[in-house]
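Asks: So the chains spell out like this:
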Amino acid sequence: MSKKLIDSGNAAAAMAVQLAAAEVIAAYPITPQTPLTEKLSELIAAGEMDAEYVAVESEHSALAVCIGAASAGVRPFTATSSNGLLYMSEQLHWAAGGRLPMVMCVVNRGIGAPWSVWNDHQDAISQRDTGWIQIFAKDHQEIVDMTLKAFRLAELVHIPVMVNYDGYYLSHTYMPFELPEAAEVRAFLPDYDYKHTLSPEHPESLNTVTLPDARNDINGVKQGSYMDIRHNLHQEMCLAMDVWEEIDADFQQRFGRGGAPILDPYCCDDAEFVVVAMGSIANQFRDVVDRLRQDDGLKIGVLALQMYRPFPIARIAEALQSFKGVMVCEKGLSYGNQGALYADLKSALYPYPARPRLHNFITGLGGREIRTDDLYLALKTACLQDDLTTPVQNDTPQWIGLQL
Amino acid sequence: MPDPRFKVLTSASTSGPGDAGRTGSWRVERPVIDYSRCTPAKSGKPSCHLCWLYCPDNVVSKAIEPTIDLEYCKGCGICAEECPVEAIKMVSEEEFIAGGNDE
Chain A
-16 MSKKLIDSGN
-6 AAAAMAVQLA
4 AAEVIAAYPI
14 TPQTPLTEKL
24 SELIAAGEMD
34 AEYVAVESEH
44 SALAVCIGAA
54 SAGVRPFTAT
64 SSNGLLYMSE
74 QLHWAAGGRL
84 PMVMCVVNRG
94 IGAPWSVWND
104 HQDAISQRDT
114 GWIQIFAKDH
124 QEIVDMTLKA
134 FRLAELVHIP
144 VMVNYDGYYL
154 SHTYMPFELP
164 EAAEVRAFLP
174 DYDYKHTLSP
184 EHPESLNTVT
194 LPDARNDING
204 VKQGSYMDIR
214 HNLHQEMCLA
224 MDVWEEIDAD
234 FQQRFGRGGA
244 PILDPYCCDD
254 AEFVVVAMGS
264 IANQFRDVVD
274 RLRQDDGLKI
284 GVLALQMYRP
294 FPIARIAEAL
304 QSFKGVMVCE
314 KGLSYGNQGA
324 LYADLKSALY
334 PYPARPRLHN
344 FITGLGGREI
354 RTDDLYLALK
364 TACLQDDLTT
374 PVQNDTPQWI
384 GLQL
Chain B
3 MPDPRFKVLT
13 SASTSGPGDA
23 GRTGSWRVER
33 PVIDYSRCTP
43 AKSGKPSCHL
53 CWLYCPDNVV
63 SKAIEPTIDL
73 EYCKGCGICA
83 EECPVEAIKM
93 VSEEEFIAGG
103 NDE
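Protein chains in written order, with this note's numbering: chain A, -16 to 387; chain B, 3 to 105.
Read the hints as simulated data drawn from the structure, not as lab findings.
Values in this document were obtained by computation on a predicted structure and should not be read as measured data.
Don't take each hint at face value.
As the list claims (entries may be wrong) - In silico lysine-lysine, BS3-like type, Cα no more than 30 Å apart, as pairs: (1) B:K9 / A:K205; (2) B:K44 / B:K91; (3) B:K47 / B:K91; (4) B:K64 / B:K47; (5) B:K76 / B:K64; (6) A:K205 / B:K44; (7) A:K282 / A:K307; (8) A:K363 / A:K282; (9) B:K76 / B:K47; (10) B:K9 / B:K44; (11) B:K91 / A:K205; (12) B:K9 / A:K178.
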């Protein structure tokens, strides 16, 4: 029997990892991820989870242990936040380049300096080019479901997956969610089987030095070199979007939840305007959109982006091209340019002749309160601008909630 | 197991000479085996072979008289360091340049 409970987002993640039967947990505590790893260590100590908990001295080591575990054919898990994720950065590239399947929860938090322990998305956004798949959960149920699906995705496509959820907004708040039955999860997620599993019977060198050119191996078979291997990572990361959709369809059939694995639309069918966002703020926007529809008669919807890397270029462009206006609201940016998501989305729309007006909003950095009233005013103003006969394209990010 | 649509290219390979390319050109010193000291050569039996075991590039043959594939030997000197009877000496490549010593 599945079970329904009310608990924190971190506890939801820990119980999903327990259900996924991860075999090695290597993690270093950092706010706001700490309760997740504490919960896992408790489950292991109590004998409720058959896994090795490796208490490492740093996040760099945490991911190195996971890389070792995955190379030995063992299912690893780690989790971190903020500066901890950046401390892993070198190993992030290694895990992806080595095509080692693993899942990591990133409990999103702002990056110092100055110090902030509160939520934004700059940690994940800054690591978008590491070759990891990045998905964003909006609520506790999605944390559970995405984590389970992430293990299967990682192991099918041999690319590591980062499951992102908002620090405090999701990690520390309590919400109802459902945990599937362990036996059903086992049927959904078969044992991890790595084709290069290290073993004395089949000695192999993993991730050895590559020279600039492809060359023949000792058996005379032509082997790709760095550029070919990296090209393959890119191609297969893009293909992983299809696999993610297939996994979601299977998950939905088994557990009854899913159906929007990449783009999750709300009130978009008749909409002229749409706001695009990632993570819990996309749910907050549902209230804003309800009010704009009720009070102002504006036909507006929300499109939650569930998968940020690989970036669903064609899917998002198809979904957005017929709107009059698109507002991209994000909790991070590429400093000196624009919001990273905004720039990606704008680039995806470039080939389409009927392009919508675009607006970029930056909000909630370092945990600054995101007032629903402020979001309401920002969207309303943007919609009215787009309705002008000669709309002005404002390409610079507009900051919501500045206090200075 | 990866989905069959995925090739999963990596640099994983079975160890062997040439695993890191034609590394012979990296060599500054060349290992030279003195078979009058070498244990398997002296005994005529397949024994010792620590040079074969320790070579990081698998370029030493496990033969009664071990040989070294100079196409790939990068001259690291580990075999000379490990040889228990000091049968392997590292000799400067300059010594092997044709006519180099005579001029």
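Asks: Next, verify each hint and record whether it holds.
Replies: Evaluated hints:
Restraint check for K9 (chain B) and K205 (chain A): the C-alpha separation of about 14 Å stays at or below 30 Å, so the hint holds. Of the supplied pair hints, the one linking K44 (chain B) and K91 (chain B) holds, its CA atoms being roughly 17 Å apart against a limit of 30 Å. Pair hint K47 (chain B) plus K91 (chain B) holds up; C-alpha atoms about 22 Å apart against a cutoff of 30 Å. Note on K64 (chain B) and K47 (chain B): the hinted pairing holds, with a Cα-Cα distance of about 11 Å set against a maximum of 30 Å.
The suggested pairing of K76 (chain B) with K64 (chain B) holds, with an alpha-carbon distance near 18 Å, which does not exceed 30 Å. Restraint check: the Cα-Cα separation between K205 (chain A) and K44 (chain B) comes to about 40 Å, which exceeds 30 Å; the hinted pair is violated. Only pairs whose Cα atoms come within 30 Å are accepted, and K282 (chain A) paired with K307 (chain A) is accepted, the gap being roughly 10 Å. Restraint check for K363 (chain A) and K282 (chain A): the C-alpha separation of about 11 Å stays at or below 30 Å, so the hint holds.
A threshold of 30 Å between alpha carbons decides the hint, and for K76 (chain B) with K47 (chain B) the separation of about 28 Å falls inside it, so the pair holds. A threshold of 30 Å between alpha carbons decides the hint, and for K9 (chain B) with K44 (chain B) the separation of about 49 Å lies outside it, so the pair is violated. Straight-line distance between C-alpha atoms of K91 (chain B) and K205 (chain A) comes to about 35 Å, which puts the hinted pair past the 30 Å bound. The hinted pair formed by K9 (chain B) and K178 (chain A) meets the criterion: a straight-line CA distance of about 11 Å does not exceed 30 Å.
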